[in-house]
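Novice: One line per chain: the protein sequences are A and B, in this order. According to the numbering used here, the first sequence is numbered sequentially starting from 1. According to the numbering used here, the second sequence is numbered sequentially starting from 1.
Just so you know, these hints were derived from the structure itself, not from any lab. Model, not experiment: these values are computed from the prediction. Built from N, CA and C at the ideal position, the CB exists for glycine as well. Hints are supplied without guarantee of correctness; some may be wrong.
[Unchecked claim] Under 10 Å between C-beta atoms, here's a sample of chain A residues computed to sit facing chain B:
#1 161
#2 176
#3 184
#4 206
#5 329
#6 391
#7 395
#8 405
#9 406
[Stated by the list, open to error] In silico DSS-like pairs for lysine-lysine, Cα to Cα no more than 30 Å straight-line:
#10 A:78 with B:151
#11 A:374 with B:218
#12 A:29 with A:110
#13 B:121 with A:374
#14 A:368 with B:121
#15 A:357 with A:367
#16 B:186 with B:218
#17 B:218 with B:150
#18 B:26 with A:340
#19 A:216 with A:374
#20 A:134 with A:29
#21 A:110 with A:211
#22 A:77 with B:150
#23 A:29 with A:67
#24 A:340 with B:150
#25 A:374 with B:208
#26 B:121 with A:357
#27 A:374 with B:186
#28 A:367 with B:191
#29 A:110 with A:78
#30 A:78 with B:121
#31 B:121 with A:340
[To be verified] DEER-style ranges, computed between Cβ atoms:
#32 A:236 with B:132: 52 to 62 Å
#33 B:121 with A:271: 30 to 40 Å
#34 B:37 with A:10: 37 to 47 Å
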Amino acid sequence: MPRLEEYRSIVGTDTLEELYLLSRLLQGKTVLNVNSTAIGGGVAEILSRMVPLLCELGVQAGWEVIKGGEAFYAVTKKFHNALHGDAQEILPRDYQVYVDTVDQNLMQMKLDADIVFIHDPQPAALVKKRRELKNFWLWRCHIDLSRPDPHVWDFLRPYVEQYNMCVFSAPSFAQTLPIPQVLISPSIDPLSDKNRDLREEEIRTILERLKIPTDKPLVTQVSRFDRIKDPLGVIEAFQRVKPYVEARLLLVGGSADDDPEGAQVLSEVQERAREDADILVLPLPPTSHVEINAIQRASAVILQKSLREGFGLTVTEALWKEKPVIASAVGGIPLQMTHKHSGILTHTVDGAAYWIKQLLNEPEYAKKLGENGKEYVRQNFLLTRHLRDYLLTFISLYHHPSDFIHL
Amino acid sequence: MITRASEPFRFFTRLSLTALTGIKAKNLKELLEHLKVVPDAVIYEHTHRFLQQHQHLVPEPPNDFSYWVTHMLQDEMLGERLAAIDTIRFNSLNDFRNAIVSAIENHLKKNSNLRQVPEGKEFHFMRAIRFSIPTQHHAYNLTEFLDCLKKVSISSLYLHVFEARLRPPLGINDFSHWFETELDEKTLAEKVAKLDPYTQTLEGLRSKIIGFIEGRLKDLSHATP
Chain A
1 MPRLEEYRSI VGTDTLEELY LLSRLLQGKT VLNVNSTAIG GGVAEILSRM VPLLCELGVQ
61 AGWEVIKGGE AFYAVTKKFH NALHGDAQEI LPRDYQVYVD TVDQNLMQMK LDADIVFIHD
121 PQPAALVKKR RELKNFWLWR CHIDLSRPDP HVWDFLRPYV EQYNMCVFSA PSFAQTLPIP
181 QVLISPSIDP LSDKNRDLRE EEIRTILERL KIPTDKPLVT QVSRFDRIKD PLGVIEAFQR
241 VKPYVEARLL LVGGSADDDP EGAQVLSEVQ ERAREDADIL VLPLPPTSHV EINAIQRASA
301 VILQKSLREG FGLTVTEALW KEKPVIASAV GGIPLQMTHK HSGILTHTVD GAAYWIKQLL
361 NEPEYAKKLG ENGKEYVRQN FLLTRHLRDY LLTFISLYHH PSDFIHL
Chain B
1 MITRASEPFR FFTRLSLTAL TGIKAKNLKE LLEHLKVVPD AVIYEHTHRF LQQHQHLVPE
61 PPNDFSYWVT HMLQDEMLGE RLAAIDTIRF NSLNDFRNAI VSAIENHLKK NSNLRQVPEG
121 KEFHFMRAIR FSIPTQHHAY NLTEFLDCLK KVSISSLYLH VFEARLRPPL GINDFSHWFE
181 TELDEKTLAE KVAKLDPYTQ TLEGLRSKII GFIEGRLKDL SHATP
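Modelling step: build the complete structure from the supplied sequences, incorporating the hints.
Specialist: Now the structure itself:
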């Protein structure tokens, strides 16, 4: 794991000094992070980097994963989709499975850290314990809550209201709540295997190993095989421009332990891609970070045609690699790029198709988009900024709610 | 000879978190109604946040209200008016707010057409939670000050140059105030005060102030017998 000092050349001395300054105010404090999966998905990825860095700064950070069976994850997947705004059939017994699983976890988990930091809806109800423990509880919602299904939100809201504070990734996710809400964008780690610089030779070797031909420019979408990511829409967009461009479409992604739908979506995508030799579907294990890195770097254009999105960290990753990105204007994606300045925001299959053609035909313009995108990510979406916002949030818990906090 | 201050200049740094209010506007009338009553910290967030977030972009987007009116409501005339409100003229956030409010009110008097943005494009009101944090840097004279200025973070620069103007003594940045009251460096104080911090990047601003101080130190060294 890279040490904090290794970030100095990327983010600058100022940024590191601020982190050291803030961390002095939290020396010895314990922070327990809880989420629902140790591997796969953006949350686990951020935690795997954030926790060691917090420890290096003298904050005693830990990370635990709640345990649940298939039934629990099937329910929380429905919750996830419903909170994203897709109607789901959720039965009373589903809610009961959720409550029972959280209660079983409550019996086994030690939640007496100074600050308990809960990520996403799956472990949200653990907050029941707060009244007894009298410590600080934060809820971090990583998903797009701008149009939540009212039934699921009404079920979760009483839990959320018991927290000291909640954290959202985009302004439009804010809710009317009696507790303070703060905006913290997620981030990527520029030194992780997924984002670090790679030598040309490394990229070539990885692509050869994965049997990805590079004789045509690659148009790539990296994401879980999930309907919300619209992989079939990506294929449709690509097939519309195929008569006019020489390119290959690559759909690549891992799966998360807490996503039972993944296999079914993958097989639908494979079925659709079967008839077209220029479409490659590449499921990868969730630990394939360096492989994803190489694929993104080898691509001419990156797509993220999601129908809903939390923040859209795959977009951040692609921008960091100076790639021209065509992405849907959903969730946190519009926060990451300015249309036609640092990336392309689209709303339809037609729009995505039009821009694939444009960017493949105008590599100079595509290059400029990539350069602007990288600089914006450097300023706003790297791990060190995220770490700073978390430290500020932790510090704010120890002060009366106010617009000014003098330290 | 270099003057030594009786009170050192202590560098603080300013960091902020963005709080969400859950309040949103989908047309100009709603924007105006909320603008009139939201706390100063909301005005601050939407008129100053960009300074820290878009450091590499010049020209900067002047404020979120102008951006939203231009790009989401697609009312370019009002957007331009809001962008042209000269931030540096106002010594309090409330005066600044009143200027924005009256620009919108005047526009509404002449334009009855009330456009509505599509779902997802609303203006979301946010509030800044500001933290002042002491740094280890302090200076008793110009040489020490120069040394510190080269080392402090841009957030520190931001606090002493931008925010200082919005608290007593109103309208003056902390550097100019200290140069004048502690070092009797009136000309240097005026030169720094004349810089318009809103139209350049923070690093550009730092370089200019460093240049002024180096120039002054050179003069002082020549004047020394």
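Novice: Work down the list of hints and note, for each, if the structure agrees.
Specialist: Here's how the hints hold up against the structure:
no.: 1; hint: 161; verdict: 13 Å, violated
no.: 2; hint: 176; verdict: 5 Å, holds
no.: 3; hint: 184; verdict: 8 Å, holds
no.: 4; hint: 206; verdict: 32 Å, violated
no.: 5; hint: 329; verdict: 8 Å, holds
no.: 6; hint: 391; verdict: 9 Å, holds
no.: 7; hint: 395; verdict: 7 Å, holds
no.: 8; hint: 405; verdict: 5 Å, holds
no.: 9; hint: 406; verdict: 5 Å, holds
no.: 10; hint: A:78 with B:151; verdict: 51 Å, violated
no.: 11; hint: A:374 with B:218; verdict: 40 Å, violated
no.: 12; hint: A:29 with A:110; verdict: 16 Å, holds
no.: 13; hint: B:121 with A:374; verdict: 25 Å, holds
no.: 14; hint: A:368 with B:121; verdict: 27 Å, holds
no.: 15; hint: A:357 with A:367; verdict: 15 Å, holds
no.: 16; hint: B:186 with B:218; verdict: 16 Å, holds
no.: 17; hint: B:218 with B:150; verdict: 17 Å, holds
no.: 18; hint: B:26 with A:340; verdict: 24 Å, holds
no.: 19; hint: A:216 with A:374; verdict: 24 Å, holds
no.: 20; hint: A:134 with A:29; verdict: 15 Å, holds
no.: 21; hint: A:110 with A:211; verdict: 46 Å, violated
no.: 22; hint: A:77 with B:150; verdict: 51 Å, violated
no.: 23; hint: A:29 with A:67; verdict: 26 Å, holds
no.: 24; hint: A:340 with B:150; verdict: 36 Å, violated
no.: 25; hint: A:374 with B:208; verdict: 27 Å, holds
no.: 26; hint: B:121 with A:357; verdict: 27 Å, holds
no.: 27; hint: A:374 with B:186; verdict: 43 Å, violated
no.: 28; hint: A:367 with B:191; verdict: 41 Å, violated
no.: 29; hint: A:110 with A:78; verdict: 28 Å, holds
no.: 30; hint: A:78 with B:121; verdict: 27 Å, holds
no.: 31; hint: B:121 with A:340; verdict: 18 Å, holds
no.: 32; hint: A:236 with B:132: 52 to 62 Å; verdict: 53 Å, holds
no.: 33; hint: B:121 with A:271: 30 to 40 Å; verdict: 37 Å, holds
no.: 34; hint: B:37 with A:10: 37 to 47 Å; verdict: 43 Å, holds
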